[in-house]
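Student: Chains S and G supply the protein sequences, listed in that same order.
Here the first sequence is numbered in this note's numbering, starting from 1 and rising by one per residue.
Here the second sequence is numbered in this note's numbering, starting from 1 and rising by one per residue.
By construction, these hints were calculated from the structure, which means they are not laboratory data.
Pairs involving identical chains hold if they fit within one copy or between any two copies, as the list cannot separate such chains.
In silico BS3-like cross-links for lysine-lysine, where the CA-CA straight-line distance does not exceed 30 Å:
(1) K117 <-> K313
(2) K70 <-> K242
(3) K16 <-> K117
(4) K146 <-> K163
Quantities reported herein were computed from a predicted structural model and do not represent experimental measurements.
Number of protein chains: 2
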Amino acid sequence: MRHELRLEAFREEIRKNGLEYAIVTKPENVFYLTGAPFAMGSGGKVLFFRAEGEVELVVSPLDYEETAAKGIPKGVAIEMVAFGESPLEAVIKRFRGCEKVGIEDGFLTVSIYERMKGSAHLAPIGGCIERMREVKDDLEIGLIRKAQEIADTAFQKTLAELKEGMSEFEAASVLEYYLRRGGAEGFAFETIVASGQRAVFPHGMPSARRARGGEAVVFDFGVRVGGYCSDMTRTVFFGTPKVEAIDVYCAVLRAQESALAVAKAGISGRDLDRTARAEIESAGYGERFVHGLGHGVGLAVHEGPIAGPKNEKGLMQGNVITVEPGVYIPGAFGVRIEDLVVIRENGIENLTASPKGLTVV
Amino acid sequence: MRHELRLEAFREEIRKNGLEYAIVTKPENVFYLTGAPFAMGSGGKVLFFRAEGEVELVVSPLDYEETAAKGIPKGVAIEMVAFGESPLEAVIKRFRGCEKVGIEDGFLTVSIYERMKGSAHLAPIGGCIERMREVKDDLEIGLIRKAQEIADTAFQKTLAELKEGMSEFEAASVLEYYLRRGGAEGFAFETIVASGQRAVFPHGMPSARRARGGEAVVFDFGVRVGGYCSDMTRTVFFGTPKVEAIDVYCAVLRAQESALAVAKAGISGRDLDRTARAEIESAGYGERFVHGLGHGVGLAVHEGPIAGPKNEKGLMQGNVITVEPGVYIPGAFGVRIEDLVVIRENGIENLTASPKGLTVV
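Hey, can you work out the whole structure from these sequences and the hints?
Tutor: Here's what the structure looks like:
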């Protein structure tokens, strides 16, 4: 039923823009509107959307069985193209040059656009489905909560096995083992385990480097459940940390807690970012907080709304966002602490259960 | 030195097309030309390429430290934009409306194109860097070989622990544990473990389903080393399989071996696909081989050249491709066997060491 409602809401948008058709190919958007399974790297499914009448989900033989087995909403028909044919080309062929067709201009590439533009009048639909996705319903929040529980449980088990001298590879192998064993359908993004100087790289992939002597190790990871992502970060010290690292850790934690304390429906992404940034600035590390405070999480691990300096819009009930301040001292160390929260009318529901006190293994 | 040579080859292409500049933002392409580290989901780096003179790599503060630490080739300068500024916007501002600028039309989105098109004369460069990437040098092949060794070793260790009644989650957790422990910097794509009826879905993600009673379980996985991917598939039976499954397994294996036997520089992707497909057709399963035979593997796990019905061009020495026939019987089971091979003058170097005889656990 939820898919039918989403399709109807999208139909409203299409009509409002005076369009007769829309072509949806971004995998998360196709999944959101129809529930058709999406796998990374597949992405060949095309939703051929009519403002009036039946919607078609056009798939290759490769994707047909899984799509059919999953079931699709009322009012949607599955069409399978022949082996070797492209679902998108099959849809383009239906146009006669004069139809008004909405396209996902934030996803379609220039070369596909050039191939399509002679076939119909193409009009951008912008991020209209992405904006619908920003406010989650209870079922979606339930899946994200479950994903985050798997992540928290796996991290607690991992903590019990971490010890000084372990390599980033070893630590990641233990963590991912427990994530999968706990029911992760996939990883929401490539697991980050970055120690010592490497913790300065916010996107540091695991390496053979061994952590010891009080070094900070950043663990940033997430899983997928029912298509929905989790996202969390903890920074753990391998051995007793130096005073500066403790100072930074406390500043980052204060920054995060101050933001969590004021987060609720209505506050803008900019003001939330500013709350955390002010704490870090007053501790003297403002220059070293080199990214925004957070981002929305859902079918994509990075989606709207953004909790950063450029978002002046108020957050809404049902947004699910990360709150993840970080301080990175080049050549030395980095600290980041990240929780995943649901924005509610009068505050937040924090989905993240892992403790945040300074942890030494 | 190899990056300098690649930059020079790209410069030649740009000049040949009468362009003064090019903008490269696809993460694999930026990495290929400069060696600047790329992380999934980052992708904010912009290579501002001049046909004459210095090339600039424009990055956000978030990416600056890691990029600087890695080092960049001669003739490239790192430029860091201010916090909150977009590297791409910073580059667009430099144009005065009349410059001839090459863009990656197969990667840039329509909305970015619309924002840029008033600033300069934009011209497509198509897949010109992707085509350079198709032929690997010895260093690249060495990294792919290493990635494939990690995958083979982990799979052998996993096989020893698989047993009837294990869930897909459990099997995946063991496999990924050994992959990481063996030195995987990341996974090349989301690991597929699909059993029984689910093995019919070529992109089936692991689930809680337990495999038993002679069911086929498809394991399709890969890792990254130095940015380069591996890719392999084995199908293992959990318990003694039924006769039809054995028949299909043997047909798929014969198909793969017949393709491996004829693969070498000069044979077209179409003819290689046809060789394998003929074997499967003669076994009566032609309709059930619903994808192409294989694809190139490198910085992307799916890249050129394609070993499929539509590629009439001859394969080249130094191409690295998968050879992965599969047969999927809806409602019943699926079998796929995949090796990763280097195309050589007179044959192939098979990078995959895992045995392919019918395996029952």
